[in-house]
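**Q** Chain residues, written in single-letter form:
2 protein chains.
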Amino acid sequence: MAKEIPEAFKHLLADNRVFAHLGTSMPDGSPQVNPVWFDAEGPYIRVNSAKGRQKDKNMRRFPKVALELLDPDNPYRYLQIRGKVVEITEDGADAHINTLAKKYLGKDTYPFRQPGEVRVIYKIEPERVSAWG
Amino acid sequence: MAKEIPEAFKHLLADNRVFAHLGTSMPDGSPQVNPVWFDAEGPYIRVNSAKGRQKDKNMRRFPKVALELLDPDNPYRYLQIRGKVVEITEDGADAHINTLAKKYLGKDTYPFRQPGEVRVIYKIEPERVSAWG
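Taken in sequence, the protein lines are chains A and B.
No gaps in the numbering here: position 16 of the first sequence is 15 in numbering that gives the first Met the number 0, and each next residue is one more.
No gaps in the numbering here: position 63 of the second sequence is 62 in numbering that gives the first Met the number 0, and each next residue is one more.
Looking at chain A on its own, in the form it has when it is part of the complex:
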């Protein structure tokens, strides 16, 4: 069962100023952290990347991640989520990156697409959620 985001912090899921700081694991077990766009689908957090990138390779190899969401109005208030990647799929990933472009940029179409890029959705089930501040 996915752990729920506390009600008082759910606004962070929809705020377009909030990036997820996504932690993944490198082959030697050391962490990597990237800012990423995300959205919520029911109890899941979805992020979107492109096939072959470091975080794509990391999540395929070791599907455990961490997400930190910082309140843009109070940097001492944040959500810390740890969870597992329960689905990795190209199905719907082009539509999903456009949805995220709409959320973050107000644009109907993702403007940063690279030639040949294959978009991928990673569906994350929160297993541990801590709210701070």
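Be aware that one or more of the hints could be misleading.
Which copy is meant is left open, because identical chains are indistinguishable; a pair holds if it fits in one copy or across any two.
Here are the simulated EDC-like pairs of lysine to aspartate or glutamate, each with C-alpha atoms no more than 16 Å apart in a straight line [claimed, not checked]:
(1) K56 <-> D27
(2) K63 <-> D27
(3) K101 <-> E6
(4) K83 <-> D27
Simulated from the structure, these hints should not be mistaken for laboratory data.
Go by the hints and put chain B onto chain A.
**A** Leaving out everything else, chain B in the frame of chain A:
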């Protein structure tokens, strides 16, 4: 040899709006991400935590970390640093947390101290630095 931060990104080290998003590794190899205060000491990045916290335990067990520093004026511009913790010490850690309180809050003394808390400095040597945007 510590990898250098590119000149055009060095302003992020001194900007009090910039928190480091610190990735550490849990016992099972999964990542944890927390926002932390930091400063630079020569080529090193220093963070400060308290003994016994999860990130303290993680860095003592596995001294490899990642730091993401996001430009507050452009969220598509950021630094990604991966490195090793080359020193963990309580010496000077009380003075250091006060220095960070000055940087981030403009206060001479760290105001969030908990009774019995033992402060610790983690000195991080950047081994890989990527600048984005």
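**Q** Output the numbers, in ascending order, of every earlier hint that fails for this structure.
**A** 3
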